[in-house]
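Number of protein chains: 2
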Amino acid sequence: MKFLHTSDWHIGRTLNGFDLIEEQKYAVNQILALAQDEQVDGIIIAGDLYDRAIPSTTAVTTFNQMLKKINIESKIPIYMIAGNHDGARRLNFGREWLGFNDIYLNTLLDEAFQPIETDEVQLFLLPFFDPADARIYFSNLGMNDERVKAIKTISDAMVLVLEELKKQFDPTKQQILVTHFAISAHQELPVELTSETASRVGGLATMSSQLFEGFDYVALGHIHTNLASPSEKVQYSGSPVKFNTKEANSNKGVYIIELEDGHVSSKFVSLKQQRDLVVLKETWDVLINPDFYNALPLHTAWFAITIKKFERLVHRGENLRAQLQKIYGTIVELDFEDLAREKQMKSMANIENLSEELIIERFYERVTGKHMSTGQEAIVEETLIQLKGEKN
Amino acid sequence: MKFLHTSDWHIGRTLNGFDLIEEQKYAVNQILALAQDEQVDGIIIAGDLYDRAIPSTTAVTTFNQMLKKINIESKIPIYMIAGNHDGARRLNFGREWLGFNDIYLNTLLDEAFQPIETDEVQLFLLPFFDPADARIYFSNLGMNDERVKAIKTISDAMVLVLEELKKQFDPTKQQILVTHFAISAHQELPVELTSETASRVGGLATMSSQLFEGFDYVALGHIHTNLASPSEKVQYSGSPVKFNTKEANSNKGVYIIELEDGHVSSKFVSLKQQRDLVVLKETWDVLINPDFYNALPLHTAWFAITIKKFERLVHRGENLRAQLQKIYGTIVELDFEDLAREKQMKSMANIENLSEELIIERFYERVTGKHMSTGQEAIVEETLIQLKGEKN
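Respectively, the protein sequence lines represent chains A and B.
Just so you know, we're using full-length UniProt numbering here: the first sequence kicks off at 1 and counts up by one.
Just so you know, we're using full-length UniProt numbering here: the second sequence kicks off at 1 and counts up by one.
Hints are all accurate, no fakes.
A pair holds if it fits inside one copy or across any two, identical chains being indistinguishable in the list.
Straight-line C-alpha distance at most 20 Å; calculated SDA-like pairs for lysine to any residue:
hint, residue 1, residue 2
1, K68, F100
2, K69, R89
3, K233, F268
4, K25, R89
5, K272, A248
6, K69, F100
7, K68, Q114
8, K75, F100
9, K308, D285
10, K246, T330
It should be emphasised that the hints constitute simulated quantities derived from the structure, not laboratory data.
Work out the full structure: start from the sequences and follow the hints.
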């Protein structure tokens, strides 16, 4: 059987306030065309369907439209789960009726233990959950042994969850797990798969990919690049769209997975971006020099520009953004080198316009004099998501 | 054929901050039992499924559970529309898949022109819409005549909408219209059904029931009492639950509609309230007299109490609410006669705790020295709904 593996659509996301919905539609249209060309048996979406627990009306309408095109018009089954960005209980609405036309959606841990059965493959759809969800689930099941009481980390929980899932294995079929967590390859594993298999990075658990042995393929969501995949059998597809300037040079795409006679193979297929994202870091003189900019996709790509060796006094009273927009088109980010202090003061003054992530980043820079690493930023983002959770 | 007609479930509504979800579940369980006893061919829910455009997670989960019980477990078709309280586009999610198991949901005007066909009956599901929606719909259809341009009131729009609906009439069948507007009986109608058939009450349109002739039955939602029904063929079922103290003495229920051989008959079936709502207006001495209160459903009903001839000085320092709660149980409203001025001052001080409706009511009382009528309150409520609309 053949499946297309994608994840992290984050419908409704913006890039510094710029709407990404057209980029997302463009990507999903390519995904649909590819699924048809490859004649896949289904599309797997491994979580973070929406960007937040209460998506905007436009996001809801757009996502519904995408599902209609894929599932109702093109008759392709969909296997999808809630990620940490999704509101699990809200997203659950209508789940049973989606199932009437082969959209399989799990958003709650309880729903994960019944695999979706095809003739040759069992698909286990394990949505994002936290250790408390697992404690409650196993207690309700009447399991009150020491291991349930001892669940503290996501790894503790995962060991028990995977045991339960494996009880459903049909030896005449192959097994796919779809899930949404931070998982990496580890060398220094103890022999037994206990909670010690988990490392904890800055308070957030990263699980070892070895925990997931036994599945023919693990289709992951959560990390936005396929380069983070721990192995050929445990893979992140990455997001189909570039969500920030750090992803400007990354190759976006999906996996086509083929399972046959106990074997699995996969290939990564790149997606085109409707508008590319170009990051420039040059002096003002270079930026306004036609010899430099005429080679660039002016007025079609989006630009993130840092002006090097910037001297404010020279440009006093000028509207630099407007000048650059005239040349380049949409500028999603404009930064000034050597103006850290000034920038900081300005951003503090405009604090109500900043995202919570940015406020924390700025605070960190101010206190430590350093920039946050990508890993630290991810921790801040996740912590905020967990704190805000699914309100109401 | 036989249908159960209900409306205005307003899932997620509270009464002065007291959660009504258990009352709503209790009512819907009765509706399901009645539908089974009567062996109806479907349940009609004529709008205001939720109480607001972005319902709480609990409201979404509860409503989904109700639909599952009725439609999946009990295999009863559901015919439902969005009302003015619902967020039309948000509620639209999953509509096509609901249809795979005979839940017919229309939330947008465009969807209304294709009736649901049964062997004997055509059901037209016309959701709440406003004149602008109709202008856009007819313009997109290529109708650019004077009548489309002249659409100003909901009546203007309804005349054209009904004409379009009637083009779909199958003369071998009977026709039901399900809709959600303020409609009343009029005597002084002009001969021709033009926009003049509409009266406008305080800027909000009430349509004449005569506009709707031609349908065998019009199942209405919007007004919460069946007593507002303009005729036997154009009826409000009213809400299944008492939503405020003004509805304390009203009889809540649903209609069972039977269509046969070109005829229609209906009967109103009352629903029990899980907890009744008792409104008391007595002096303090009466309220704390066991001879008075022992006859009442203490600690089971909800009480709304006004203390007559209240003298603050006599009760200085006492916690009257606590004393009454000890006797009566849940007190959803506590009011003091002869304390208008003091109360007003207090409520102005606590303005951030008041609903917008209450702030306007208080302001009206202060300026005019009179209480608002129920009609005026309805106007305020509708205007606020229209103003707030479906944000985001």
